Amino acid sequence: MSKHERSLAAPAFPDDDGQVAPELAEALAQPDDVRDDRVLAVYGDVRVYVPVVATLGSGGRTETGGDKDADMAAVLMTGADGRQALLTFSSVAAMGRWDPQARPVPVWGRDAARAAIDEGAAALLLDLAGPGFTVVETGDVQHLAAGHRLVSTDAGTAWLS
Numbered sequence: 003m004s005k006h007e008r009s010l011a012a013p014a015f016p017d018d019d020g021q022v023a024p025e026l027a028e029a030l031a032q033p034d035d036v037r038d039d040r041v042l043a044v045y046g047d048v049r050v051y052v053p054v055v056a057t058l059g060s061g062g063r064t065e066t067g068g069d070k071d072a073d074m075a076a077v078l079m080t081g082a083d084g085r086q087a088l089l090t091f092s093s094v095a096a097m098g099r100w101d102p103q104a105r106p107v108p109v110w111g112r113d114a115a116r117a118a119i120d121e122g123a124a125a126l127l128l129d130l131a132g133p134g135f136t137v138v139e140t141g142d143v144q145h146l147a148a149g150h151r152l153v154s155t156d157a158g159t160a161w162l163s
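Each number in this note's numbering comes from the position in the sequence shown (counting from 1) with 2 added on.
Derived from the structure by calculation, the hints contain no laboratory data.
If you're wondering where the values come from, they're calculated on a predicted model, not measured in any experiment.
The C-beta atom is built at its ideal place from N, Cα and C for all residues, glycine as well.
Check before you lean on any hint, since a few could be wrong.
Derived Cβ-Cβ restraints for the label pairs, each shown as a range [as the list claims (entries may be wrong)]:
no., residue 1, residue 2, range
1, VAL55, LEU162, 13 to 23 Å
2, ASP35, THR57, 32 to 42 Å
3, MET74, SER154, 38 to 48 Å
4, ALA12, ASP83, 33 to 43 Å
5, ASP17, ASP83, 39 to 49 Å
6, THR155, ALA95, 29 to 39 Å
7, ALA75, ASP35, 32 to 42 Å
8, VAL153, ALA27, 14 to 24 Å
9, ASP101, GLY81, 16 to 26 Å
10, PRO102, GLY141, 27 to 37 Å
11, PHE135, GLU25, 15 to 25 Å
12, PRO13, ASP83, 23 to 33 Å
13, ALA14, MET74, 11 to 21 Å
14, ALA157, ARG105, 23 to 33 Å
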């Protein structure tokens, strides 16, 4: 009989303190007219948080009001136009202001974009109801998911693959 060694993958963010990534903080602090482009330029390569919340499963509630079964799910919001967006947050504190019960799941911004696409969402919402609230629209979500980078050129900004 051979001994089978068990190992866990190394955490993607071993020194994560839950604060806003410095590059993202700088982008979010920009004036409104340049903030969105600055956020897009760094979003794919920084850690953001996707909130995961408990949802009541099909089992209903117990006699004492507890969940018979519950699932954990990422949060999608549906806009007035019917499109869905995946919520993301720049920090644990920003997410806690939205919902103190939500569990923060740290992911790379590009992976949040991929998750949004996988869930059929058309957009990403960053820091909902916060001072730096930013909407990342469909085309930009697709570029981020593909690993493209937004760069400044003499003619304006362009996605670089």
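Here is what the structure says about each hint:
1. VAL55 with LEU162: 13 to 23 Å: violated (36 Å)
2. ASP35 with THR57: 32 to 42 Å: About 39 Å separates the Cβ atoms of ASP35 and THR57, which means 32 to 42 Å holds.
3. MET74 with SER154: 38 to 48 Å: holds (39 Å)
4. ALA12 with ASP83: 33 to 43 Å: With a Cβ separation near 41 Å, ALA12 and ASP83 satisfy 33 to 43 Å, so the hint holds.
5. ASP17 with ASP83: 39 to 49 Å: holds (40 Å)
6. THR155 with ALA95: 29 to 39 Å: At 35 Å between Cβs, range holds.
7. ALA75 with ASP35: 32 to 42 Å: holds (36 Å)
8. VAL153 with ALA27: 14 to 24 Å: holds (20 Å)
9. ASP101 with GLY81: 16 to 26 Å: holds (19 Å)
10. PRO102 with GLY141: 27 to 37 Å: holds (34 Å)
11. PHE135 with GLU25: 15 to 25 Å: Holds - the Cβ-Cβ distance for PHE135 and GLU25, about 18 Å, lies within 15 to 25 Å.
12. PRO13 with ASP83: 23 to 33 Å: violated (38 Å)
13. ALA14 with MET74: 11 to 21 Å: holds (19 Å)
14. ALA157 with ARG105: 23 to 33 Å: violated (43 Å)
Violated hints, in rising order: 1, 12, 14; the structure is consistent with all others.
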